[in-house]
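The task is simple: from the sequences and hints, build the whole structure.
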Amino acid sequence: MDFNDQQIERYSRHIILSEVGVEGQQKLLDAKVLVIGTGGLGAPATIFLAAAGVGTIGLVDADKVDLSNLQRQIIHQTKDVGKLKVISGKETINEMNPDVNVITYDTFANASNILDIIKDQDYDFIIDGTDNFSAKFLINDACVLAKKPFSHAGIIRFNGQLTTYIPDNNTPCYRCIFKEAPPEGAVPTCSQAGVLGVMGGVIGTLQATEAIKYILGIGENLAGYLLTYDAITMEFRKIKIKHNAKCSVCGNDPTIKELIDTDYKPPVCGI
Amino acid sequence: MKIKMNGEEKQLEKEVNILELLVTQKVQMPEMVSVELNGEIVDRDDFEKTLIKENDVIELLYFMGGGGFGF
Chain Z
1 MDFNDQQIER YSRHIILSEV GVEGQQKLLD AKVLVIGTGG LGAPATIFLA
51 AAGVGTIGLV DADKVDLSNL QRQIIHQTKD VGKLKVISGK ETINEMNPDV
101 NVITYDTFAN ASNILDIIKD QDYDFIIDGT DNFSAKFLIN DACVLAKKPF
151 SHAGIIRFNG QLTTYIPDNN TPCYRCIFKE APPEGAVPTC SQAGVLGVMG
201 GVIGTLQATE AIKYILGIGE NLAGYLLTYD AITMEFRKIK IKHNAKCSVC
251 GNDPTIKELI DTDYKPPVCG I
Chain C
1 MKIKMNGEEK QLEKEVNILE LLVTQKVQMP EMVSVELNGE IVDRDDFEKT
51 LIKENDVIEL LYFMGGGGFG F
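So the sequences go chain by chain: Z and C.
For the first sequence, the UniProt record's numbering assigns the number 1 to the initial residue and increments by one for each residue that follows.
For the second sequence, the UniProt record's numbering assigns the number 1 to the initial residue and increments by one for each residue that follows.
Source of the hints: derived by calculation from the structure; they are not laboratory data.
The beta carbon of each residue, even a glycine, is placed where N, CA and C say it ideally should be.
You may find that some hints are simply not true.
Each computed BS3-like pair below joins lysine-lysine, with the alpha-carbon atoms no more than 25 Å apart [unchecked claim]:
no., chain 1, residue 1, chain 2, residue 2
1, C, Lys2, C, Lys49
2, C, Lys4, Z, Lys242
3, C, Lys49, C, Lys14
4, C, Lys49, Z, Lys179
5, C, Lys4, Z, Lys179
6, Z, Lys242, C, Lys10
7, C, Lys14, Z, Lys32
8, C, Lys49, Z, Lys242
9, C, Lys53, C, Lys2
10, Z, Lys179, C, Lys2
11, Z, Lys27, Z, Lys119
12, Z, Lys246, C, Lys10
13, Z, Lys238, C, Lys4
14, Z, Lys64, Z, Lys147
15, C, Lys4, Z, Lys240
16, C, Lys14, Z, Lys242
17, C, Lys53, C, Lys14
18, C, Lys14, Z, Lys238
19, C, Lys10, Z, Lys240
20, C, Lys49, Z, Lys240
21, C, Lys53, Z, Lys240
22, Z, Lys213, C, Lys14
23, Z, Lys238, C, Lys10
Pulled a few chain Z residues facing chain C out of the computed Cβ check, cut under 10 Å [what the hints assert, rightly or not]:
no., residue
24, Thr130
25, Asp131
26, Phe133
27, Lys136
28, Thr228
29, Ala231
The following block contains the structure:
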């Protein structure tokens, strides 16, 4: 544990917490978190992970920054429009905290590459910051198969939710709650969708909180719970969820034993 | 008949199955909902044959994407 004066000052509000201290801050600096999707959820999650001094952050995204992203994706700025999101994210982090080593993956996660990306740095925790169901099931299945903890989250309109999967803990996975993606026709069209910009900030920051707590080994994670947030009624609810013995990836007799591209169809709806 | 749905008490006029409950409670996109009944996730194929009883606790859990597109 060899902090320089600047680091002691930078992380002083962490170090002063008895639950974190110098040892906890060192754990954060030694930790590796992978953020898949650097958009509404991933951007705020990444900002706080970087500020907290998580030493290695992997960013996965093939998208470029669009003007319509800036209403909520706070890691990108107006000057970044047209730039790869992972590059824009890396630049923002580098300017904010030179302690963070940012690894960029200029690709969308798919069944062929996701396990390699997770193994690339042997990430400690994964954050699902994606915006479509096939990616969410892919991340879930990959993390279950690779035995990696991850935070699932979703946001829409004025609502958000998240849960945390911890391997070997009888924790329900995303597929325990949602067996499979809804039928294509059920998904609303682009024009019907929408999201209040702050929803990603609230929920993405909670995802970062889950990652930081997991790394520090403090408190209770949202394993076995789905936390929902309704910004209209300003209500949080913590719903207990049981592991599903019939789950097709983490149940007693799983049918998903490897990742196959055709099982994770990309969304049909463009931006 | 009294039930608790998403934390709120509701009165149902008669016994219904889960599919009927989703209709009477005006759930707009039933395909986007996963149902937890008394702590257990109910398989979608069992919605029709699963009857809601007095004092049941139901959670309607919604699929949520990222708001960017699709959902």
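Hint check:
1. Lys2(C) with Lys49(C): holds (20 Å)
2. Lys4(C) with Lys242(Z): Holds, because 18 Å separates the two Cα atoms, which is no more than 25 Å.
3. Lys49(C) with Lys14(C): holds (15 Å)
4. Lys49(C) with Lys179(Z): At roughly 18 Å apart (the allowed maximum being 25 Å), Lys179(Z) and Lys49(C) satisfy the hint.
5. Lys4(C) with Lys179(Z): holds (24 Å)
6. Lys242(Z) with Lys10(C): Roughly 24 Å between the alpha carbons, so the hint for Lys242(Z) and Lys10(C) holds.
7. Lys14(C) with Lys32(Z): violated (54 Å)
8. Lys49(C) with Lys242(Z): Holds, at about 21 Å.
9. Lys53(C) with Lys2(C): holds (8 Å)
10. Lys179(Z) with Lys2(C): Answer violated: Lys179(Z) to Lys2(C) is near 29 Å, above 25 Å.
11. Lys27(Z) with Lys119(Z): holds (20 Å)
12. Lys246(Z) with Lys10(C): violated (30 Å)
13. Lys238(Z) with Lys4(C): holds (15 Å)
14. Lys64(Z) with Lys147(Z): violated (31 Å)
15. Lys4(C) with Lys240(Z): With a Cα-Cα distance of about 15 Å, the restraint between Lys4(C) and Lys240(Z) holds, given a limit of 25 Å.
16. Lys14(C) with Lys242(Z): violated (29 Å)
17. Lys53(C) with Lys14(C): Holds, at about 9 Å.
18. Lys14(C) with Lys238(Z): violated (29 Å)
19. Lys10(C) with Lys240(Z): holds (20 Å)
20. Lys49(C) with Lys240(Z): holds (24 Å)
21. Lys53(C) with Lys240(Z): With a Cα-Cα distance of about 20 Å, the restraint between Lys53(C) and Lys240(Z) holds, given a limit of 25 Å.
22. Lys213(Z) with Lys14(C): Distance of about 46 Å is beyond 25 Å: violated.
23. Lys238(Z) with Lys10(C): Distance of about 19 Å is within 25 Å: holds.
24. Thr130: Holds, because the Cβ-Cβ distance from Thr130(Z) to chain C comes to roughly 6 Å (cut-off 10 Å).
25. Asp131: For Asp131(Z), the interface hint holds, since the closest Cβ of chain C sits about 2 Å away, which is under 10 Å.
26. Phe133: Holds - the Cβ of Phe133(Z) comes within 10 Å of chain C, reaching about 6 Å at its closest.
27. Lys136: holds (7 Å)
28. Thr228: holds (8 Å)
29. Ala231: violated (12 Å)
In the structure shown, a violation is registered for the earlier hints numbered 7, 10, 12, 14, 16, 18, 22 and 29, in ascending order.
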